[in-house]
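Novice: Residues per chain, in single letters:
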Amino acid sequence: NAGVTQTPKFQVLKTGQSMTLQCAQDMNHNSMYWYRQDPGMGLRLIYYSASEGTTDKGEVPNGYNVSRLNKREFSLRLESAAPSQTSVYFCASSFSTSRTDTQYFGPGTRLTVL
Amino acid sequence: DQQVKQNSPSLSVQEGRISILNCDYTNSMFDYFLWYKKYPAEGPTFLISISSIKDKNEDGRFTVFLNKSAKHLSLHIVPSQPGDSAVYFCAASAGGGADGLTFGKGTHLIIQP
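Same order as they appear, the protein sequences are chains A and B.
Quick note: the first sequence uses our numbering, first residue 47, plus one each step.
Quick note: the second sequence uses our numbering, first residue 3, plus one each step.
Isolated chain B (complex conformation) (with noise of 0.2 Å):
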């Protein structure tokens, strides 16, 4: 049973446009949440992550926003460039430490010139 359900394979966006990538969880005891980027060949590189205690954490260009209500997440990319294309994850911890992390299966963001 997906517990981080990213219901997107893939999302294409118009450069200069904002990208909005989706999560959803299942789990009502995640409360911390991380989103990874991964170009093909390469590990994932941490992206940006957001605790429970608030509902918005911004950095530079990536915004991420938690409605726990909804148990939803969702990352913003504006504007978009070439470079963000992607693979994105999104993970949620529930406590505990890093071998805690389930993560979703990806969305690809591709970025149309």
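Chain A with its partners taken away, still in its complex shape (with noise of 0.2 Å):
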């Protein structure tokens, strides 16, 4: 089993662009994640699905969007990417969004937008 899978690992943007981070898990787990860690700080909840075919807003959701394609795959797209949004993002997977269920996490893509 792979896990939680993450493309791409490195991407570096203009200022502008637009992306899509893709998210794929094999646990069969209802619900993902995806986070954002900036340099020195702790994870932040960008977006998460509950199951398939809901999406709801973390803590800091300016600047994306998300799409939980099916049961496996969550994506994150940064329409048009800024400066500020340059960070390692992280997707994570669990069976519910029950707290004491574990998050199992994807190594991270690493992001640089100029």
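Treat the hints with care, since some could be wrong.
Stated by the list, open to error - Think about it this way: if two alpha-carbon atoms lie no more than 20 Å apart in a straight line, the pair counts; the simulated SDA-like pairs of lysine to any residue are: (1) A/Lys55 / B/Tyr41; (2) A/Lys117 / B/Lys7; (3) B/Lys56 / A/Asp147; (4) A/Lys55 / B/Ala43; (5) B/Lys7 / B/His110; (6) B/Lys7 / A/Ala70; (7) A/Lys103 / B/Tyr41; (8) B/Lys7 / A/Arg90; (9) A/Lys55 / B/Thr47; (10) B/Lys7 / A/Gly86; (11) B/Lys56 / A/Thr146; (12) A/Lys103 / B/Gly97; (13) A/Lys103 / B/Gly99; (14) B/Lys56 / A/Thr148; (15) A/Lys117 / A/Ala70; (16) A/Lys103 / B/Thr104; (17) B/Lys58 / A/Val134; (18) A/Lys60 / A/Ser130; (19) A/Lys117 / A/Asn76.
These are calculated hints, taken from the structure and not from any lab test.
All values derive from a computational prediction rather than experimental measurement.
Both chains are given apart, each in its own frame, so use the hints to dock them into the complex.
Specialist: This is how it looks when you write it as structure tokens:
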């Protein structure tokens, strides 16, 4: 089992460009999450999907959109990238959104916006 | 305003000794706490958790202590091993679901041989 996979691993964008970060999990989890981690900061939740067909905003949703394509895949889209979105992006999944269910994280995507 | 604080950016401990990582919180509504471990170029992995109804939880070499009156928790690793070198994040939840986790900035633990 691969667990949670993310593509790409690295990306450099110019201000105003768009891109989609891909995430897939093979653990048959219902819930998926997108976090960002800025240098010297903790993780902050961008969006999450409690189950297939649903998405909700997290703490820092502005500038992002998400799609829960199916049970396995949850993508994060930056429509018009800004330097403030330079960060490491982590996708995670868990059986449910219960806080006692372990979240499993992908390896991250390091995004730089020039 | 940081609600979960890990005031030590880094900590160096000799192999075989005890590592103690600290975490303070300000929100008295937090009632569930977690520790995650992160290696470079990898995502965080869950380590151990504790509910506010307990003051201690143990899992092998890892023990988390919770002092609710002081709004403080600590992670003890005994004995420390080279593979424990990583960044450790404290996280807290004030009820609700997993969407309500608040993370600290992390402490980089370095185990010296």
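Novice: Taking the hints in turn, state whether each one holds.
Specialist: Going through the hints against the structure:
no. : hint                : in the structure
1   : A/Lys55 / B/Tyr41   : holds, 15 Å
2   : A/Lys117 / B/Lys7   : violated, 35 Å
3   : B/Lys56 / A/Asp147  : holds, 18 Å
4   : A/Lys55 / B/Ala43   : holds, 9 Å
5   : B/Lys7 / B/His110   : holds, 14 Å
6   : B/Lys7 / A/Ala70    : violated, 32 Å
7   : A/Lys103 / B/Tyr41  : violated, 28 Å
8   : B/Lys7 / A/Arg90    : holds, 14 Å
9   : A/Lys55 / B/Thr47   : holds, 18 Å
10  : B/Lys7 / A/Gly86    : holds, 12 Å
11  : B/Lys56 / A/Thr146  : holds, 15 Å
12  : A/Lys103 / B/Gly97  : holds, 17 Å
13  : A/Lys103 / B/Gly99  : holds, 13 Å
14  : B/Lys56 / A/Thr148  : holds, 19 Å
15  : A/Lys117 / A/Ala70  : holds, 9 Å
16  : A/Lys103 / B/Thr104 : holds, 15 Å
17  : B/Lys58 / A/Val134  : violated, 33 Å
18  : A/Lys60 / A/Ser130  : holds, 12 Å
19  : A/Lys117 / A/Asn76  : holds, 7 Å
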